[in-house]
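Asker: Given chain Z, put chains X and P in place with the hints provided.
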Amino acid sequence: MRHQRSWQGWVLVGPALLVTLVLFAAPMVMVILTSLYRRNGGTTDRTLSLDNYVRLATDSTIHQALLNSLEVVGLTVFFSTLVAYPLAYIIAFRVPTQWQALVLLLTVVPFWTSYVVRSYSWLLVLAKNGVINQTLQGAGLIGDPITLANTRFATVLAFVHFFVMVSTLTIYASLRQIPRNLPLAARDLGASPWHVFTRITLPLSLPGVTVGAFLTFVLAIGDYITPQIVGGGNELLLPQLLMLQVSRRGDFPLAAAMALVLLVIVAAVYVVSAKNLTLERKR
Amino acid sequence: MTGAGIDVTELVKQYPGHRALDGVSLSIDPGSYTVILGPSGSGKTTLLAILGGFVEPTSGQVTVDGEDVTTVAPSRRPTTTVFQDYALFPHMTVGQNVGFGLEMQRAGKKDRATQVGEALEMVGLAHTKDRHIADLSGGQRQRIALARALIVGPRVLLLDEPLGALDVKLRRQMQDELTRIHDTVGTTFVHVTHDQEEAMSLADTIVILRDGRIDDMGSPEQLYLNPATAFSARFMGDSNIIEGTVRAEGYAVDTAWGNVGVSSPADAHASVTVSIRPEHIVMGSGGGGNLGEWVIAESHFLGQRHRVIARRDNHEILMSLPQGSSVTQGQMVTLGVAPEMAKIVKGDG
Amino acid sequence: MKLLRGSISWVYALLVFGFILLPVASLVVFSFQATNLPLPPFTGPSLRWYEALFADSGMVEALRNSLVVGVVSAFFSTLLGFLSAYGLARYRPDGARVIRAALMTPLGVSYLVIGFGLAITANELALGRSLVLVTLGHIIINLPLAFAILLSQMRDEDETLEKAARDLGANEWVVITRIAIPVLLPGLLAAFLLSFTLSWDEFIIAFFLADFDVTLPIEIWSQLRTGLDAKTNAAGTLVFAISVVALTLAYVLNRAVQQRSRRQ
Chain Z
1 MRHQRSWQGW
11 VLVGPALLVT
21 LVLFAAPMVM
31 VILTSLYRRN
41 GGTTDRTLSL
51 DNYVRLATDS
61 TIHQALLNSL
71 EVVGLTVFFS
81 TLVAYPLAYI
91 IAFRVPTQWQ
101 ALVLLLTVVP
111 FWTSYVVRSY
121 SWLLVLAKNG
131 VINQTLQGAG
141 LIGDPITLAN
151 TRFATVLAFV
161 HFFVMVSTLT
171 IYASLRQIPR
181 NLPLAARDLG
191 ASPWHVFTRI
201 TLPLSLPGVT
211 VGAFLTFVLA
221 IGDYITPQIV
231 GGGNELLLPQ
241 LLMLQVSRRG
251 DFPLAAAMAL
261 VLLVIVAAVY
271 VVSAKNLTLE
281 RKR
Chain X
284 MTGAGIDVTE
294 LVKQYPGHRA
304 LDGVSLSIDP
314 GSYTVILGPS
324 GSGKTTLLAI
334 LGGFVEPTSG
344 QVTVDGEDVT
354 TVAPSRRPTT
364 TVFQDYALFP
374 HMTVGQNVGF
384 GLEMQRAGKK
394 DRATQVGEAL
404 EMVGLAHTKD
414 RHIADLSGGQ
424 RQRIALARAL
434 IVGPRVLLLD
444 EPLGALDVKL
454 RRQMQDELTR
464 IHDTVGTTFV
474 HVTHDQEEAM
484 SLADTIVILR
494 DGRIDDMGSP
504 EQLYLNPATA
514 FSARFMGDSN
524 IIEGTVRAEG
534 YAVDTAWGNV
544 GVSSPADAHA
554 SVTVSIRPEH
564 IVMGSGGGGN
574 LGEWVIAESH
584 FLGQRHRVIA
594 RRDNHEILMS
604 LPQGSSVTQG
614 QMVTLGVAPE
624 MAKIVKGDG
Chain P
633 MKLLRGSISW
643 VYALLVFGFI
653 LLPVASLVVF
663 SFQATNLPLP
673 PFTGPSLRWY
683 EALFADSGMV
693 EALRNSLVVG
703 VVSAFFSTLL
713 GFLSAYGLAR
723 YRPDGARVIR
733 AALMTPLGVS
743 YLVIGFGLAI
753 TANELALGRS
763 LVLVTLGHII
773 INLPLAFAIL
783 LSQMRDEDET
793 LEKAARDLGA
803 NEWVVITRIA
813 IPVLLPGLLA
823 AFLLSFTLSW
833 DEFIIAFFLA
843 DFDVTLPIEI
853 WSQLRTGLDA
863 KTNAAGTLVF
873 AISVVALTLA
883 YVLNRAVQQR
893 SRRQ
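Protein chains in written order, with our numbering: chain Z, 1 to 283; chain X, 284 to 632; chain P, 633 to 896.
Note that these hints are calculated values from the structure, not bench results.
No incorrect hints appear here.
Estimated spans, in silico, between C-beta atoms of each pair:
1. Gly-349/X / Thr-97/Z: 37 to 47 Å
2. Leu-653/P / Ala-57/Z: 39 to 49 Å
3. Glu-404/X / Arg-724/P: 40 to 50 Å
4. Thr-198/Z / Arg-463/X: 33 to 43 Å
5. Gly-676/P / Gln-297/X: 52 to 62 Å
6. Glu-404/X / Gln-8/Z: 52 to 62 Å
Note that the Cβ used here is the ideal one computed from N, Cα and C, for glycine as well.
Same shape as in the complex, but just chain Z (with noise of 0.2 Å):
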């Protein structure tokens, strides 16, 4: 009985399955075996060599994108969290509890608008004659208008105001988790409220910080759009080195293998935060 139904599972999951190696695995391996490639003048030659894996373990470019890239989500992660999580405490425990989940829908809206309109929007906020500088000058806080439209700090700037969004979600539901009676049991042994804070509340919503950071990070490291607009394209971050090898140089064997480096970066990031990469409550 148990081994028919097994079966009848198989047949259920199956589609599902078959999609995923189509429209996945499939291509991985393309991208995997293309990385292998070489391009040659107009065409692709086929034979298999590691040449694309030198280029990049020897040219300072790609070195240089690399390390922006990391420097970008780095920040971005970190600035996120930072702003995330008072936001994340001020609503689980702030906000009386039928407003709470109304409050976090604000938080997600910028979710809701276009994310090409949205980062464009920001460029416009941060542009020489945006909002920012006339409200600066206006205040009489600057002379001339300063240069915030296309810098690193504009691309972490919009990156943070979207990733904001994903680490309270997070850090929300770890916080939300904690059995009410831990701070209360915390307090009658004698715990200031700082002190329940850092021993228990803390501690307890460590699985949302990650999980947050973990999203923002495998998100952002990805996310060409925001660094094009609001960055200008100024500084060369992953994402844009492999579109230019797509679009401009139609070198898609090199491209191949930046995208190879990506998931491996993505996969590292994984493995060494695995432990914590769950919201589940530890019992």
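Answerer: Positioned in the frame of chain Z, the structure of chains X and P alone reads:
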């Protein structure tokens, strides 16, 4: 460490649309084991939360050894609470949990280690010091929670239905443990439960709460043998409850079951409620026969005794007969009860 | 002290929400700009950019394409997600952990790489770029999410409902369509609407796989590169409005379904 006495005066707790405590006053003796007993919704958990400082009363006062603690925060009260689900910190080891209170008191590391060792010894779990909470069983967690609460030397220990999550055998074991620890440590224990057997086995004094008010109070023996109200009589065990009118002499009550002599005098011609425990109803001529003839309707053998129901017209009497008795369904019997065993109680009215 | 703590919280929350909502507010406000540039000062209100938006056939077509791709890919993601979640939860096949891992893997890969991979694969197979490919791309990125959402919604209590139905003689088809799906309706709606929302605004995969028929994000992108005007604000605000409607719909439907089951 000797226990403190607690005085609660006219405690009221009003929530929107619901009065959890309606003027509760009581005195708890230093070093005693007091059980607050009641059904759900009786206000017992609220009372405990107020004693612990987690809830502020709407009005009324709480003093510990004469000191007014009504508005004092939990961290500064001489009380500690053992929560219903133990509230052990999942990200810390057993040792870290137990030592937490000492850490908050800024005790030195060495000192802490010694005391934690002693506390764990007292509850018989010295070997679990470095284990994680998740690896412990329910009974073990209960004892860790106890150790954690006692190590800070509270003058009052508050327990919120601590044995509810344990199975029957474990519960009995833990009851013995609690008694032993209480005798060793000397702290005042205030224990909340809905289980009357647990209350009787542990308490020096039982306080019965009903709808936010004290219904009855006394030692287990007092409450069982001399209940003040019909509610208390029913809550502490099986009981036969019958209404009647007091006769002119004041010592007997005319009821639908017959003329019943009662243990204490009452106003002549007053309407009263009488409570009789099943085990005090005697079969045969030796019991006085003042309850008349009844027919045996049901009999269940429960091991130590028989649970027997007798009927007459549309009345039922519940009896508890010794192991050796034998009755058959349909058998006619004469029943009686001695006056000392029929108690006048306050009816539900 | 308590009052101070409270007001610090409020100040912080206000600052952060200001930060979060500033671009969105700026976007919406300047979509009603009367002059050309969506920059201060505000010279509206005017609907000229909305008129321009709907007069722009490129935009309108792109909008329609996005809707179609969104609905179709969301439908298939939800369907496949449901079948696999149901199969896994109710039949517990051997190797369930492997299946779950396999279905969730795409979540760990950047859209950039997925889009790129699909593009070169299509190239190898000499398949031309098209909206069909975009739809397929969106199915693969939303399938893991739909699967995860629906799996988490399948509780054991609901399984007893299905067992009872079988006991009373229902065959698998009836069990699935008359018992499992209605009980799971809130989850199905959530999965569908989330998939739709993610597909609707997705850029990079669509960029790799679309040809001349483009989706809205791509059209907006192209227009942005050529000129700066408030028409894109109107487009962004429209996207925002549609998302709000979709999510409100989800919420209302969810409540209605829950109330209906509560009444029963």
